[in-house]
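**Student:** Protein chains in written order, with my numbering: chain A, 4 to 228; chain B, 4 to 228; chain C, 4 to 228; chain D, 4 to 228.
Because the hints were derived from the structure by calculation, they are not lab data.
For clarity, every value in this text was computed on a predicted model and none was experimentally measured.
Be aware that a few hints might be false.
Which copy? The list can't say, so a pair holds if one copy fits it or any two copies do.
Stated by the list, open to error - Listed next, the in silico DMTMM-like pairs over lysine to aspartate or glutamate satisfying Cα-Cα at most 20 Å (straight line):
(1) Lys99 <-> Asp67
(2) Lys5 <-> Glu222
(3) Lys111 <-> Asp67
(4) Lys89 <-> Glu16
(5) Lys99 <-> Glu110
(6) Lys22 <-> Glu56
(7) Lys111 <-> Glu16
(8) Lys5 <-> Glu195
(9) Lys209 <-> Glu81
Number of protein chains: 4
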Amino acid sequence: MKYILAVNMKVYESAFGQKARELARRASVISSRYNGVEVILVAPLVNASSIAEIHDNTYIQHADSIGYGAYTGYMPVEALSHEGIKGVMVNHSEHKVTYRHLHRVIEKARALELKTLACGDTPEEVAGIAHLNPDIIAVEPPELIGTGIPVSKAKPEVITRALDSLRKVNPNIPLLAGAGISTPQDAIRSLELGSKGILVASAIMKAKEPWSRLEEFAEAMNNYK
Amino acid sequence: MKYILAVNMKVYESAFGQKARELARRASVISSRYNGVEVILVAPLVNASSIAEIHDNTYIQHADSIGYGAYTGYMPVEALSHEGIKGVMVNHSEHKVTYRHLHRVIEKARALELKTLACGDTPEEVAGIAHLNPDIIAVEPPELIGTGIPVSKAKPEVITRALDSLRKVNPNIPLLAGAGISTPQDAIRSLELGSKGILVASAIMKAKEPWSRLEEFAEAMNNYK
Amino acid sequence: MKYILAVNMKVYESAFGQKARELARRASVISSRYNGVEVILVAPLVNASSIAEIHDNTYIQHADSIGYGAYTGYMPVEALSHEGIKGVMVNHSEHKVTYRHLHRVIEKARALELKTLACGDTPEEVAGIAHLNPDIIAVEPPELIGTGIPVSKAKPEVITRALDSLRKVNPNIPLLAGAGISTPQDAIRSLELGSKGILVASAIMKAKEPWSRLEEFAEAMNNYK
Amino acid sequence: MKYILAVNMKVYESAFGQKARELARRASVISSRYNGVEVILVAPLVNASSIAEIHDNTYIQHADSIGYGAYTGYMPVEALSHEGIKGVMVNHSEHKVTYRHLHRVIEKARALELKTLACGDTPEEVAGIAHLNPDIIAVEPPELIGTGIPVSKAKPEVITRALDSLRKVNPNIPLLAGAGISTPQDAIRSLELGSKGILVASAIMKAKEPWSRLEEFAEAMNNYK
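The shape of chain A in the complex, shown without the other chains (with noise of 0.2 Å):
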């Protein structure tokens, strides 16, 4: 399996524009560059569509527990494989819902063949998430996302015990760590800890050059083990 490297692009000026279309030519070339990572981007809603015509492998940052019909401003599960794209993230720290709406999203994307990748603050909640089922689980402690300050360094026992928990209800279900991840050996210090990828957003959206950020965290994951 592939290490995964997963960019939320939040809505940070670079992930509009050309600079956003930049950042998706670039995650494709290093996606062929290096094999033993998968880059995924996590688009803002509005430009996903966009996004997800350059840079194959496309999430959304989020998806309502609803399908076709009329509501408007709102985002079904259903319309994400027409608009070319690949997963949907949900439960992102910063945009936290029920169980109940996690549970029908799960749900729905499996059945549209659509990837999903799920957001817990703590490993309690990767527990409560485990037993749905999702592609991926992502554990961000709150308080330190967006500080600079890596899970992998201040709370390495957040991904200790996701893992745990994981083991526990559903091992194969690859977990990635985030929060605070400002380098790739914070990324690397993940993977040794047992993590199999890492959700970063400022660290690369905030660069001048996101791609080159973005190439330094694929190679030194790639060139790990």
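Assemble the complex: chain A is given as a structure, and chains B, C and D must be docked to it using the hints.
**Tutor:** Frame of chain A; chains B, C and D shown alone:
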């Protein structure tokens, strides 16, 4: 001034994929063919940027009262112009927001030279919204939305009272009539009552060929007076 | 007409238990003592019925736009009169609702002969709310709430512009000024600007003896003019 | 251990005023009369403090994950003990919250020695919640709530699978069965399936004399085994 024919694509199946793009292509053609009518497509969040590439006059169905930043899965107004989107619909009956939200989105959109189409349920809400000076206001009695019973026939007083409200608060804002508008005749009846256009959804989006239905509306409105 | 001294108890520690009951007892005494002032306690949800047993003129801090039924944990307007509560505050800066919500709560309250105190951030929102004809409107610039910087001093134009708005839409609705009101002098300044009273929270609720502070405000307002 | 008979009063008309107080009085009598049954009243927000004065074992229907402070119209867990309330129900099917909310409310309640009754839709959600160690968990398939079709008859596997989940994660937490429980026989059937009690609403609250119906349930559960 042109009459406004605003199509709320909602998240009907036809609002995504090839069918949506075909509608966008035709909307452009129809816009050039009928000089007296301005066709606005109000696109879903996920493909608004793609629709806007095809049909210039595309709005999005909702925006959040946030700026750029760490707001995973939300929709900052700032992003719209970078994605080629011309305007934002806000406070639709199916996506109600607080007055504070409305206020912030309208102010931010104005600063960015984006258009705003704000919706209200009642003549009272229309009056309330008019104090914020959006570019367009639509009035839609929620109990008629999606019923096929046109507001212009079932509740013409909602339109005329909303016009009275606007006259007192801000007479320059064009009013659209919406809810249950099913035929070009319903649209014409709305214009006769004094509205400057319509906001229509299911009558077009659920038609077998949405673009043909769109052209029928455009032609009728173009020929009026 | 009496001046209105409305105390938003919020959910400060002093809003619960014996301290809250003591405040309610004193509010009743103060009400009888100062004939020119109407003291309203705006109570938390959980003890509004208990506070209302002690102080007759008790409102609740929020109500949902629902009726009786299977709405676990929500607050139907209908329940209030059965629990001795006289009125409902709605759309406070810390608990914003949609215009539709506001509309329904105000209409339902009127039908049930309950009073309504609706809050707005700005003169524009005050105007918008006035179209719904609540019994009282309070204007509170959110940026001053809890700061101790009184609206009457820092942004007197918010009060005077809100009064202008009311004059145009519905001149009979009394306006309360709120946000940062810390001293009886701030209250008097608000009356001088044309308001009919104040909405005050931390200045009273965070005082060592909230009832003594309440009496100081009541006495000053009673003596004004 | 006693069987648990938890009555979700919801916001039915009978949950307020004199009828609610009569139910509280009788609940106390019934509690003393049937030693094998613990009667919990889950009261509306607005009169929970008044109900708790009459029936000692009163929970509230919802709490927010906040502390004391400037949160107008919200429900801090801290306030409950000052108002004589013994516990909090959280995440009911009609008032779903995020896992983070659930986590915070349960932790805060534990610190304050308040009981928690957490609800889940499915065996998966029950498992997820069990990782947080609330005092009681109730499982209620949302599609059966209020239908009169008892979960114990229509979907007994929901109860048995939820028990399996608990056995793996945290076998000490008592499980209540809910949704559609209409008769004392439905309650007994739930106990036979292994639950430790029931969560019931409309069957009692919509009865002409809720207290008589309550006694029938209590008597039957008391006599079981």
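**Student:** For every hint, state whether the structure bears it out.
**Tutor:** Each hint, compared with the structure:
In this homomeric assembly, Lys99 and Asp67 come within 20 Å of each other (Cα to Cα) both inside a single copy, at 11 Å, and across copies, at 15 Å. Taking identical chains as interchangeable, the C-alpha atoms of Lys5 and Glu222 lie at most 20 Å apart only when both belong to the same chain, with a minimum of 13 Å there against 56 Å between chains. With identical chains, the CA atoms of Lys111 and Asp67 are at most 20 Å apart within one copy only, with a shortest distance of 11 Å there and 26 Å across copies. In this assembly of identical chains, the alpha carbons of Lys89 and Glu16 lie at most 20 Å apart only when taken from different copies (18 Å versus 23 Å within one copy).
Within a single copy, Lys99 and Glu110 get their C-alpha atoms as close as 18 Å, and across copies as close as 18 Å, so both meet the 20 Å cut-off. In this assembly of identical chains, the alpha carbons of Lys22 and Glu56 lie at most 20 Å apart whether taken from the same copy (15 Å) or from different copies (17 Å). With identical chains, the CA atoms of Lys111 and Glu16 are at most 20 Å apart between copies only, with a shortest distance of 16 Å across copies and 31 Å within one. Proximity of Lys5 to Glu195 under the C-alpha cut-off of 20 Å is restricted to the intra-copy arrangement: shortest distance 15 Å within a copy versus 49 Å between copies.
Taking the shortest Cα distances, Lys209 and Glu81 sit within 20 Å of each other only across copies (17 Å), while inside one copy they are farther apart (32 Å).
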